[in-house]
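Asks: Here's the letter readout for the chains.
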Amino acid sequence: MMESRARIAVIRFPGVNCEDETKRAVESQGMDCDILMWNGPRERLAEYDGYILPGGFTYQDRVRAGAIAAKDGIVDLLFDEAEAGKPIIGICNGAQILLESGMVPGITPGKVEMGLARNIMPDRDGYYTRWTHLRIESDTSCVTCVMTNHDVTSIPTAHAEGRFVTIDEGLIDRLFENGQVVMTYSGVKGEAEPAFPLNPNGSTRGIAAVSNPSGNVVAMMPHPERAAWLSQVPESLSGRWGAERRGAAGSRRVLTEPGPGGEIFKSLGAFITERLRGRGGEA
Amino acid sequence: MIERVVLTVALKVTDNEALSALEALQTKMGMADSIVDLAREVQWELDVEADSPESALRVIARIVERTNVFLNPNKHRSTMASVPHGYDGLDDDEVAILVTDRDGAESMAAVAAASRIGITGLKKASRRIRWRVRLAEAPSPGDPGLLPLIKRIGVASDRGTGLLSNPHSQTAFVAFPWGDEKPLDA
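So the protein sequences, as listed, match chains H and C. Just so you know, the working numbering puts 122 at position 47 of the first sequence, and the rest follows in order with no gaps. Just so you know, the working numbering puts 216 at position 146 of the second sequence, and the rest follows in order with no gaps.
These are computed hints drawn from the structure, not numbers from a lab. One thing to keep in mind: the hints can contain errors.
Which chain H residues face chain C? A few, computed with CB under 10 Å, are given here [as the list claims (entries may be wrong)]:
| # | residue |
| --- | --- |
| 1 | E102 |
| 2 | E175 |
| 3 | G177 |
| 4 | G185 |
| 5 | K186 |
| 6 | R193 |
| 7 | E236 |
| 8 | T241 |
| 9 | V329 |
| 10 | L330 |
The beta-carbon is built from N, C-alpha and C at its ideal position, and this holds for glycine as well.
Excised from the complex, chain C in its bound form (with noise of 0.2 Å):
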């Protein structure tokens, strides 16, 4: 049977990337008042043909020791969970936005190189970005304000709007710590 791992990839060491998207959302686009920190994770879905959810992470396991494909562990950390959800370990004041490729996001180079050490077991690799977004004001629920503030930071819908997904190309969900998730599109 096929079971599915997320293996979840951050930096140990400073990530140029998130610094360059929290530069670009705190002086570009006018958001300093609002975002505090930004950090990245990347999270791959993998699907694993596995007799139960504990062979599929042994499996993955493996491949993340015996190959580079995912991570190097000089500069990577990460976590593995069969079904993690997008709030997972966010603190009070963040939030996540989740970020996918609508199509293109499967890796066959993941799936051949575990292929080469021997390993068949793992059949797909699917790739999303997680971005969690430490807001300056701490979040909440019935604050109307709150969802159109998280666009203007993930959906890129106009010339200054929006960073961290373009709608025609990516899918985008936003998860709230008191355990919440909602779409972005546009």
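For reference, chain H alone in the conformation it holds in the complex (with noise of 0.2 Å):
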């Protein structure tokens, strides 16, 4: 029998910006993809194995990113989708939706829990884009169960407001506990809890990811879209990926291989194959 592939849904609020090479990623990754208008069709929502909410600013970031998006009618769709254990993953403004919707953490699904604040960084404020070193602190999300707790990945951000907070005392030990910190800041090798500026944004204890209990929704400032293909990681950059892709340099075969954000894709894929097959259904 003939292996169905998974069907992906990039949802394009207004304003969004990185929907096609989004879609271009997942593809790699041996996914079907297509990208969805917020207000299109409601029911070709539920014909798909999993959703990404793609970085961008969404309503131009009026109020605060994601704020408006949040409120718009296709989140209470994905809510019974995420409910139902498809994979919804929110990539930098997409993040900040799931925050500002309360599906992340989602201890108490729909309340809104933490939020994504202004970046602080010293001498300096706004904007602020680099390559982050990633610590995998969950490897049974939606985005890292093919990898290892502990492992080191390296993947752009670039936003002005990533900093997870909450005024929830105890929150973020509960959340590292039940293994919903997905990804932390790291040093090049794994150090914990580094300064500025491998912690880009200042987020409290390096925060990068977040998923609700399940694992199944995902809020992520960086954006593995970036760092899909070898090619598209600098040479300068540290550690295992920037030795990769030095050691491709000039071989047009190996640099279009995946990059390190094409594991959060794979990722994707492996989650959705692992759940219809809890389901009895085609893998």
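Can you join these two chains into the complex? Each is in its own frame, and there are hints to help.
Replies: This is how it looks when you write it as structure tokens:
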């Protein structure tokens, strides 16, 4: 019997700008992918196996990044799909939508339990972009399930409001204990809780990605679609991926192999395959 | 000594951010019966080294005139005051919701821009947003439903409730036209 390919929907809210490269990155990992408008026919949404809210500036970041998109009707449908166990990844602005809607961390689903606050950086403010090293803290989520805890990967970040914060005392400890902190910013060898610029925004305990309790909904600030192929990795980057990139210099074939962001989308595919197997469907 | 000046800046032209927020509140959050209009002002709290409040106002006036860091006179209007209240200038059917980042509200760029034109007196610049919410029914001090309504507008507590502040990253308070102010934290 032929294996069915997982189908992913990338949701295009007004103001997103990473939907095309996200679609290409998904397709590079053997999945089918469509870009759906946020106000398109609602019945189409259920046809997909997983969803991605891509990066950008929904509603021009008016009021707060992600705040207005979080109130759109499509988010109610995504809640239902998440409840059914389907994976949802929010990348950067998508992560801001997931937090503002209360889908992540989702201890009490729908309750706003965290915020993504303005970056805090020494002697500067505003938007900041750099490649970051990320330590995997939970290898069961839909973005890390092909990786191993304490692996270090490297993915770029680019944002002005990316600092995970909460006023709920004890929540951060609970998230670590529950395995809901998916990735943290780290040193190149996985050193925990580094200072700026390795932690590029002052995020609490270096948190870079958080999931819901089931691990099928993940809000991540780094942009894996910008690291989907080895050719996208800068030669000057330290660590494993920088070394692989330097080793590939001049080889077109090697440069088109998956980069560190490819593992995120590979995890998405594996997560869906596992889920379908668990339900007795084709894998 | 350090004197504080508050510079309030609003758009002369259509404020698309306020329109988007109003549209979200009225149509996405079902509050069309409660909210008639919404306006937005940016308030800069500026700490200035100066001999007197008047001297501090003069320093800020020079920065405003010589840089575009706080406003563009072609599209913004502004007022300055030493100690404004949240309720200043409210109409009887309005409340103000003032939102400040818990941290990260300070603008180093503003201080640096002043310094670049030779004005070293500006020591600190922090930003907050003042939303002027025009309600369908004029608020009254004895209305038990008023504060819950303001929270439903101002504090994002769950998926369908609250827009103007996220309590985890921001603080908010409401100012009423009769001269009262109350915190709006979750």
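Asks: Against each hint, give a clear statement of whether it holds in the structure.
Replies: Results of checking the hints against the structure:
1. E102: violated (31 Å)
2. E175: It holds, given that the least Cβ distance between H/E175 and chain C is near 6 Å, below 10 Å.
3. G177: holds (5 Å)
4. G185: holds (4 Å)
5. K186: Holds, because the Cβ-Cβ distance from H/K186 to chain C comes to roughly 5 Å (cut-off 10 Å).
6. R193: holds (4 Å)
7. E236: holds (8 Å)
8. T241: With a minimum Cβ separation of about 5 Å from chain C (threshold 10 Å), the hint on H/T241 holds.
9. V329: With a minimum Cβ separation of about 42 Å from chain C (threshold 10 Å), the hint on H/V329 is violated.
10. L330: Violated: closest Cβ of chain C sits about 38 Å from H/L330, beyond 10 Å.
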